[in-house]
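Novice: Here's the letter readout for the chains.
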Amino acid sequence: MIRVVLPAHLRKLARVDREVTLEVAGPVTQRAVLDALEGRYPMLRGTIRDHVTLRRRPMVRFFACAEDLSHESPDAPLPDAIAAGTEPFLVVGAMAGG
Amino acid sequence: MSRVRVLVGTRKGAFVLESDGKRERWDVSGPHFGGWEMYHLKGSPADPNRVYASQGTSWFGQLIQRSDDGGRTWEPIGNRFVYDGVPGTHLWYDGTPHPWEFARVWHLEPSATDPDTVYAGVEDAALFRSTDGGQTWAELPGLRTHESASSWQPGAGGLCLHTILLDPVDAARMFVAISSAGTFRSDDGGRRWRPINRGLRTEQLPNPTAEIGHCVHRIAMHPSRPRVLFMQKHWDVMRSDDGGDTWREISGDLPSDFGFPIDVHAHDPETIYVVPIKSDSEHYPPDGRLRVYRSRSGGNEWEALTNGLPQRDCYVNVLRDAMTVDRLDPCGVYFGTTGGQVYASADAGDRWMPIVRDLPAVLSVEVQTLR
Numbered sequence: 000m001i002r003v004v005l006p007a008h009l010r011k012l013a014r015v016d017r018e019v020t021l022e023v024a025g026p027v028t029q030r031a032v033l034d035a036l037e038g039r040y041p042m043l044r045g046t047i048r049d050h051v052t053l054r055r056r057p058m059v060r061f062f063a064c065a066e067d068l069s070h071e072s073p074d075a076p077l078p079d080a081i082a083a084g085t086e087p088f089l090v091v092g093a094m095a096g097g
Numbered sequence: 000m001s002r003v004r005v006l007v008g009t010r011k012g013a014f015v016l017e018s019d020g021k022r023e024r025w026d027v028s029g030p031h032f033g034g035w036e037m038y039h040l041k042g043s044p045a046d047p048n049r050v051y052a053s054q055g056t057s058w059f060g061q062l063i064q065r066s067d068d069g070g071r072t073w074e075p076i077g078n079r080f081v082y083d084g085v086p087g088t089h090l091w092y093d094g095t096p097h098p099w100e101f102a103r104v105w106h107l108e109p110s111a112t113d114p115d116t117v118y119a120g121v122e123d124a125a126l127f128r129s130t131d132g133g134q135t136w137a138e139l140p141g142l143r144t145h146e147s148a149s150s151w152q153p154g155a156g157g158l159c160l161h162t163i164l165l166d167p168v169d170a171a172r173m174f175v176a177i178s179s180a181g182t183f184r185s186d187d188g189g190r191r192w193r194p195i196n197r198g199l200r201t202e203q204l205p206n207p208t209a210e211i212g213h214c215v216h217r218i219a220m221h222p223s224r225p226r227v228l229f230m231q232k233h234w235d236v237m238r239s240d241d242g243g244d245t246w247r248e249i250s251g252d253l254p255s256d257f258g259f260p261i262d263v264h265a266h267d268p269e270t271i272y273v274v275p276i277k278s279d280s281e282h283y284p285p286d287g288r289l290r291v292y293r294s295r296s297g298g299n300e301w302e303a304l305t306n307g308l309p310q311r312d313c314y315v316n317v318l319r320d321a322m323t324v325d326r327l328d329p330c331g332v333y334f335g336t337t338g339g340q341v342y343a344s345a346d347a348g349d350r351w352m353p354i355v356r357d358l359p360a361v362l363s364v365e366v367q368t369l370r
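Protein chains in written order, with numbering that gives the first Met the number 0: chain A, 0 to 97; chain B, 0 to 370.
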């Protein structure tokens, strides 16, 4: 099971608690995780990545295992700890304020 | 007993304010969608329990919410706004071509007859329509592909389609306004459009009377006279008596003819309301006095309405979608400020009271009259 942590606004939108778990078939990549996430919670479509291009929205970041994976290829394998479910994949609203 | 429901969109959530027909005591619910920018909420005239809301943030983009119980509970609906075909370019602030990019929904206009049909005015400027209660959206591309569109240029708030007027008599006719392209009319249900800006004058344009490029802030009509349109332009208050074919200035004796909203009394189509703002670089009332101005003669002669409004040290703005009227008699008038106050008058503007005083900055105010 893949563990995903969403930012507060998206947890409320999806009506979930702090963490969601997802089954991901095949290689565990950003794209596979987000496909599974949006499949389970269709109201999240367009909020993390663009509807058409599927590119990450500019003020959203992906962290895992204390690393920023936002600029990795969406088709690159995620760390083993994410695939094994021992560490969560974090969707983060970028810090932007004053 | 009649009731009214006021729908308030703010920078940090939506609020629903309800009162009986006396409009003296108010129940306030909210914030709904706390922390999100709520650009606009509007109820369906065909089913008052059906309310559509535009929700967004810079982080997570655009969402649309729908309520089927008058704003008590909400469900997220379709948020896929994709331009038809290859969208091309408009002009950027520096005059260079810039690709059309969807940013947000500024305005939602439900059909008067079908609760499942609703129009969305978006930035970058385009018109979308849903006929399935907001689950899916399709662009009416004839507007954005008008031959002038590559020369449209954004105003300070973006290239936004902010006003949609549906003709209550002629179902094929509709009007939209875009900052800062101008006003457009369709006579065939939104398939083809033509600019209707003759008579507007904008000194900031190389050709002040050009057909395209005017920063129209708001247009309004009375449902009994859809050929008569009123406009608050960047500067100038304007009027058309021929469905927008020609316009004439009616600023008359206003202390400033800059402003954002304009609306028409529910029962007197010659009575109109504006909120003068000092200037395009000073977005607050002249002299620190918040005054609504009312004309009972369709323009030119204006009276200041001040009873109950702050008359010193007031430096708020009233945005284009933040004033509205109910259908009761006497007509109720409502507006919200960037300071978070929502003011109401239950007597057509003679006396005002704040319904709420300390909301986040108000982006939009709409009212539903419930029988």
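Rather than coming from a laboratory, the hints here were simulated on the basis of the structure. Ideal placement from N, C-alpha and C gives every residue a C-beta, glycine not left out. Each hint should be verified, as a subset may be incorrect.
As the list claims (entries may be wrong) - Using 25 Å as the maximum straight-line C-alpha spacing, the simulated SDA-like pairs for lysine to any residue come out as follows:
id: 1; chain 1: B; residue 1: LYS11; chain 2: A; residue 2: PRO26
id: 2; chain 1: B; residue 1: LYS11; chain 2: A; residue 2: ASP74
id: 3; chain 1: B; residue 1: LYS11; chain 2: A; residue 2: MET94
id: 4; chain 1: B; residue 1: LYS11; chain 2: A; residue 2: ARG55
id: 5; chain 1: B; residue 1: LYS277; chain 2: B; residue 2: PRO225
id: 6; chain 1: A; residue 1: LYS11; chain 2: B; residue 2: LYS277
id: 7; chain 1: A; residue 1: LYS11; chain 2: B; residue 2: ARG238
id: 8; chain 1: B; residue 1: LYS277; chain 2: B; residue 2: SER223
id: 9; chain 1: A; residue 1: LYS11; chain 2: B; residue 2: PRO359
id: 10; chain 1: B; residue 1: LYS11; chain 2: A; residue 2: GLY45
id: 11; chain 1: A; residue 1: LYS11; chain 2: B; residue 2: ARG350
id: 12; chain 1: B; residue 1: LYS11; chain 2: A; residue 2: ASP34
id: 13; chain 1: B; residue 1: LYS11; chain 2: A; residue 2: VAL4
id: 14; chain 1: B; residue 1: LYS11; chain 2: A; residue 2: PRO6
id: 15; chain 1: A; residue 1: LYS11; chain 2: B; residue 2: GLY69
id: 16; chain 1: A; residue 1: LYS11; chain 2: B; residue 2: PRO268
id: 17; chain 1: A; residue 1: LYS11; chain 2: B; residue 2: ARG71
id: 18; chain 1: B; residue 1: LYS11; chain 2: B; residue 2: PRO268
id: 19; chain 1: B; residue 1: LYS11; chain 2: A; residue 2: ALA31
id: 20; chain 1: A; residue 1: LYS11; chain 2: B; residue 2: PRO353
id: 21; chain 1: B; residue 1: LYS11; chain 2: A; residue 2: ARG10
id: 22; chain 1: A; residue 1: LYS11; chain 2: B; residue 2: PRO30
id: 23; chain 1: B; residue 1: LYS21; chain 2: B; residue 2: PRO268
id: 24; chain 1: B; residue 1: LYS11; chain 2: A; residue 2: ARG17
id: 25; chain 1: A; residue 1: LYS11; chain 2: B; residue 2: LYS21
id: 26; chain 1: B; residue 1: LYS11; chain 2: A; residue 2: THR20
id: 27; chain 1: B; residue 1: LYS11; chain 2: A; residue 2: LEU21
id: 28; chain 1: A; residue 1: LYS11; chain 2: B; residue 2: GLY34
id: 29; chain 1: B; residue 1: LYS11; chain 2: A; residue 2: ASP79
id: 30; chain 1: B; residue 1: LYS11; chain 2: A; residue 2: ARG44
id: 31; chain 1: B; residue 1: LYS11; chain 2: A; residue 2: GLY38
id: 32; chain 1: A; residue 1: LYS11; chain 2: B; residue 2: CYS313
id: 33; chain 1: B; residue 1: LYS21; chain 2: B; residue 2: PRO353
id: 34; chain 1: A; residue 1: LYS11; chain 2: B; residue 2: SER57
Claimed, not checked - Just some of the chain A residues that point at chain B, by a computed CB distance under 8 Å:
id: 35; residue: LEU21
id: 36; residue: LEU53
id: 37; residue: ARG60
Novice: So, for every hint listed, does it hold in this structure?
Specialist: These are the hints, each one checked on the structure:
Taken as a hint, the LYS11(B) and PRO26(A) pair is broken in the structure, with Cα atoms around 40 Å apart against an allowance of 25 Å. Taking the CA atoms of LYS11(B) and ASP74(A), the gap is near 36 Å; set against the 25 Å cutoff, the hint is violated. The hinted pair formed by LYS11(B) and MET94(A) meets the criterion: a straight-line CA distance of about 17 Å does not exceed 25 Å. Simply put, LYS11(B) and ARG55(A) have alpha-carbon atoms about 24 Å apart, close enough for the 25 Å limit, and the pair holds.
Restraint check for LYS277(B) and PRO225(B): not satisfied, since their Cα atoms lie roughly 30 Å apart, outside the 25 Å limit. Our distance criterion of 25 Å between C-alpha atoms is broken by LYS11(A) and LYS277(B), whose separation comes to about 41 Å. Under the criterion of a C-alpha separation no larger than 25 Å, the hint pairing LYS11(A) with ARG238(B) is inconsistent with the structure, at around 45 Å. Using a Cα cut-off of 25 Å, the hinted pair LYS277(B) and SER223(B) is violated, with the two alpha carbons roughly 32 Å apart.
Taking the CA atoms of LYS11(A) and PRO359(B), the gap is about 20 Å. The hint holds against a cut of 25 Å. For the proposed pair LYS11(B) and GLY45(A), the alpha carbon gap of about 20 Å is at most 25 Å, so the pair holds. For the hint pairing LYS11(A) with ARG350(B), the CA-to-CA distance comes to about 41 Å; that exceeds 25 Å, so the pair is violated. Of the pairs offered as hints, the one joining LYS11(B) and ASP34(A) is violated, with about 30 Å between alpha carbons and a cut-off of 25 Å exceeded.
Under the criterion of a C-alpha separation no larger than 25 Å, the hint pairing LYS11(B) with VAL4(A) is consistent with the structure, at around 23 Å. A threshold of 25 Å between alpha carbons decides the hint, and for LYS11(B) with PRO6(A) the separation of about 17 Å falls inside it, so the pair holds. Distance check on the hinted pair: LYS11(A) and GLY69(B) sit about 21 Å apart at the alpha-carbon level, within 25 Å; holds. Proximity of LYS11(A) to PRO268(B) is assessed by CA-CA distance (about 44 Å); at most 25 Å being required, the pair is judged violated.
For the suggested pair LYS11(A) and ARG71(B), the alpha carbons sit about 16 Å apart, so the restraint of at most 25 Å is met. With a C-alpha separation of about 34 Å, the suggested pair LYS11(B) and PRO268(B) falls outside the 25 Å cut-off, and the hint is violated. As the CA atoms of LYS11(B) and ALA31(A) are separated by approximately 33 Å, the hinted pair breaks the 25 Å bound. Restraint check for LYS11(A) and PRO353(B): the C-alpha separation of about 31 Å exceeds 25 Å, so the hint is violated.
Only pairs whose Cα atoms come within 25 Å are accepted, and LYS11(B) paired with ARG10(A) is accepted, the gap being roughly 17 Å. Our distance criterion of 25 Å between C-alpha atoms is met by LYS11(A) and PRO30(B), whose separation comes to about 14 Å. Distance restraint check for LYS21(B) and PRO268(B): the Cα-Cα separation of roughly 23 Å lies within the 25 Å cut-off, and the hinted pair is therefore satisfied. Restraint check: the Cα-Cα separation between LYS11(B) and ARG17(A) comes to about 22 Å, which is no more than 25 Å; the hinted pair holds.
Only pairs whose Cα atoms come within 25 Å are accepted, and LYS11(A) paired with LYS21(B) is rejected, the gap being roughly 36 Å. The straight-line distance between the Cα atoms of LYS11(B) and THR20(A) is roughly 30 Å, outside the 25 Å bound, and the hint therefore fails. Note on LYS11(B) and LEU21(A): the hinted pairing is violated, with a Cα-Cα distance of about 31 Å set against a maximum of 25 Å. For the hint linking LYS11(A) to GLY34(B), the alpha-carbon distance of about 11 Å falls within 25 Å, and the restraint holds.
For the hint pairing LYS11(B) with ASP79(A), the CA-to-CA distance comes to about 39 Å; that exceeds 25 Å, so the pair is violated. Under the criterion of a C-alpha separation no larger than 25 Å, the hint pairing LYS11(B) with ARG44(A) is consistent with the structure, at around 22 Å. For the suggested pair LYS11(B) and GLY38(A), the alpha carbons sit about 29 Å apart, so the restraint of at most 25 Å is broken. Taken as a hint, the LYS11(A) and CYS313(B) pair is broken in the structure, with Cα atoms around 37 Å apart against an allowance of 25 Å.
Restraint check for LYS21(B) and PRO353(B): the C-alpha separation of about 15 Å stays at or below 25 Å, so the hint holds. Proposed proximity of LYS11(A) and SER57(B) is supported: the alpha carbons are some 17 Å apart, at most 25 Å. The interface hint given for LEU21(A) is violated, since its Cβ lies 19 Å from the closest Cβ of chain B, which is over the 8 Å cut-off. The restraint placing LEU53(A) at the interface with chain B is violated, with a minimum CB-CB distance near 12 Å, outside the 8 Å limit.
Taken as an interface hint, ARG60(A) does not check out: its beta carbon lies about 10 Å from the nearest beta carbon of chain B, beyond 8 Å.
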